[in-house]
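Enquirer: Residues per chain, in single letters:
There are 2 protein chains.
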Amino acid sequence: MTRSEENYLKTIFHLGSGDDASINTNAIAEQMETKPSSVTDMAKKLAEKGLVNYKKYQGISLTDAGIKTALSIVRKHRLWETFLVEKLDFAWDEVHEVAEQLEHIKSEKLIDKLDQLLKFPKYDPHGDPIPGKNGEFQEHNKDLLSELPVGAHGVCVGVKDSSSAFLQYLDKHEISIGKPIQILGKEAFDGSLHLKIGEREHTVSHQIACNIYLK
Amino acid sequence: MTRSEENYLKTIFHLGSGDDASINTNAIAEQMETKPSSVTDMAKKLAEKGLVNYKKYQGISLTDAGIKTALSIVRKHRLWETFLVEKLDFAWDEVHEVAEQLEHIKSEKLIDKLDQLLKFPKYDPHGDPIPGKNGEFQEHNKDLLSELPVGAHGVCVGVKDSSSAFLQYLDKHEISIGKPIQILGKEAFDGSLHLKIGEREHTVSHQIACNIYLK
DNA sequence: AACTATTTTTAGATTTGTCTAAATTTAATT
DNA sequence: AATTAAATTTAGACAAATCTAAAAATAGTT
Ligand SMILES: [Mn+2]
Ligand SMILES: [Mn+2]
Ligand SMILES: [Mn+2]
Ligand SMILES: [Mn+2]
Numbered sequence: 138m139t140r141s142e143e144n145y146l147k148t149i150f151h152l153g154s155g156d157d158a159s160i161n162t163n164a165i166a167e168q169m170e171t172k173p174s175s176v177t178d179m180a181k182k183l184a185e186k187g188l189v190n191y192k193k194y195q196g197i198s199l200t201d202a203g204i205k206t207a208l209s210i211v212r213k214h215r216l217w218e219t220f221l222v223e224k225l226d227f228a229w230d231e232v233h234e235v236a237e238q239l240e241h242i243k244s245e246k247l248i249d250k251l252d253q254l255l256k257f258p259k260y261d262p263h264g265d266p267i268p269g270k271n272g273e274f275q276e277h278n279k280d281l282l283s284e285l286p287v288g289a290h291g292v293c294v295g296v297k298d299s300s301s302a303f304l305q306y307l308d309k310h311e312i313s314i315g316k317p318i319q320i321l322g323k324e325a326f327d328g329s330l331h332l333k334i335g336e337r338e339h340t341v342s343h344q345i346a347c348n349i350y351l352k
Numbered sequence: 138m139t140r141s142e143e144n145y146l147k148t149i150f151h152l153g154s155g156d157d158a159s160i161n162t163n164a165i166a167e168q169m170e171t172k173p174s175s176v177t178d179m180a181k182k183l184a185e186k187g188l189v190n191y192k193k194y195q196g197i198s199l200t201d202a203g204i205k206t207a208l209s210i211v212r213k214h215r216l217w218e219t220f221l222v223e224k225l226d227f228a229w230d231e232v233h234e235v236a237e238q239l240e241h242i243k244s245e246k247l248i249d250k251l252d253q254l255l256k257f258p259k260y261d262p263h264g265d266p267i268p269g270k271n272g273e274f275q276e277h278n279k280d281l282l283s284e285l286p287v288g289a290h291g292v293c294v295g296v297k298d299s300s301s302a303f304l305q306y307l308d309k310h311e312i313s314i315g316k317p318i319q320i321l322g323k324e325a326f327d328g329s330l331h332l333k334i335g336e337r338e339h340t341v342s343h344q345i346a347c348n349i350y351l352k
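Residue numbers (my numbering), protein chains in the order written: chain A, 138 to 352; chain B, 138 to 352.
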């Protein structure tokens, strides 16, 4: 399994949000910052190996074997991210790029021992679930802040956007995983929310609210 | 810098034992399990980048820039090996292959933090020195067990052969870094040595004695 | 249904790193 | 010094992963 093949499987997995939905060639190309023709080439190769279902013009979906492989890469990515934050004091906005490299290291023992060192974490620094050895994982039953009514309150359990820029915005406004958040009011005009975050009050735009998960 | 380029630099560095001696094309090919023609191709590319000195038929040597790059890869390799043994309970014969992959991860912050987590180790699990951030390192002033006279005693500080097979042999006979060793006698016929290892006595072949460093 | 726009695929080229086989240079031996 | 052997380089090919440009299929719209 090459690094490129692994990256395609992971991208298809994320675009299909885990299930075996059929994904567009163009969507994969955009996500991977490559060209549609390259995606077609890889689709054929992965189909050959039994990792994706592919029929010309019909989109691409993961087979069971493909899902299993994708989950093992996601597991590695999220364990490494957790390691970087927990053991090496990385900030949560600094881990993704390094984990993109580390997720391709091939050693089952390494990842098992890492899991053990981290005490078998269930969620990564962004609140995303870490699949177990056999691919099992439990997603938080969470809601987007933007879809909750005024008065709702809960605890931040994850972010949808994991970009460095967004995470740094959250840091600046002291929003982090575990923080209690309450919706004090909503602006009808632009959907911006007035929030109580811990002990403080802040107003955030609709765009921000679309990327924070509450439980 | 590609992974392949890094591997060539590291190999040239090891074959030249650190200094800027001129290395044979064939020696590099054999060490890397590749063909001499591939080495020639890479020599040209690395020369183009100013990392090696290369003139047709004259052998290959590292430039200062090449030595610096090689040292940073060796640093990463040995820090990762130390991490695997110290933090993840790997045995010293299990770390090399994984470190071969990990040494190519690109993140200065990662390696600095790792160094810190390990408390800035000076030697790796095989007794090899770990270069610092600026490439500086101190080799143990050590001697091969095979070159010491009868009666000599010291402490094992390193191994020359880091193969899994050899390290497992050492484990079996309870030879490890830090163990006191004394030469009780030498067999004139085949050069095998009668040793006191800790509290025990063992006889080892000349071949074994050629791969253990004492101080 | 016909036309247009979008998506997707094909054909052919490129880069990187490798290989084989043949040619060339250097080293060793008569 | 001539010959043989060994080391090294060149020439040409190949697989992987990508790209561009053009063709084909599908979807959307008059
Ligand atoms: Mn990530
Ligand atoms: Mn994450
Ligand atoms: Mn090693
Ligand atoms: Mn080592």
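The set of hints was computed from the structure by calculation and includes no laboratory data.
Some hints could be false.
The list treats identical chains as interchangeable, and a pair is accepted whether it falls inside one copy or across any two copies.
The calculated EDC-like cross-link candidates involving lysine to aspartate or glutamate, where the alpha carbons are at most 16 Å apart (straight line), are [unchecked claim]:
no. : residue 1 : residue 2
1   : 246       : 143
2   : 224       : 252
3   : 250       : 223
4   : 297       : 142
5   : 323       : 245
Quantities reported herein were computed from a predicted structural model and do not represent experimental measurements.
Enquirer: Are the hints correct? Go through all of them and say.
Expert: Evaluated hints:
For a Cα distance limit of 16 Å, the shortest separation of residue 246 from residue 143 qualifies neither inside one copy, at 19 Å, nor across copies, at 25 Å. In this homomeric assembly, residue 224 and residue 252 come within 16 Å of each other (Cα to Cα) both inside a single copy, at 12 Å, and across copies, at 12 Å. Taking the shortest Cα distances, residue 250 and residue 223 sit within 16 Å of each other both inside one copy (15 Å) and across copies (12 Å). With identical chains, the CA atoms of residue 297 and residue 142 are never at most 16 Å apart, being 25 Å at best within one copy and 38 Å at best between copies.
With identical chains, the CA atoms of residue 323 and residue 245 are never at most 16 Å apart, being 49 Å at best within one copy and 44 Å at best between copies.
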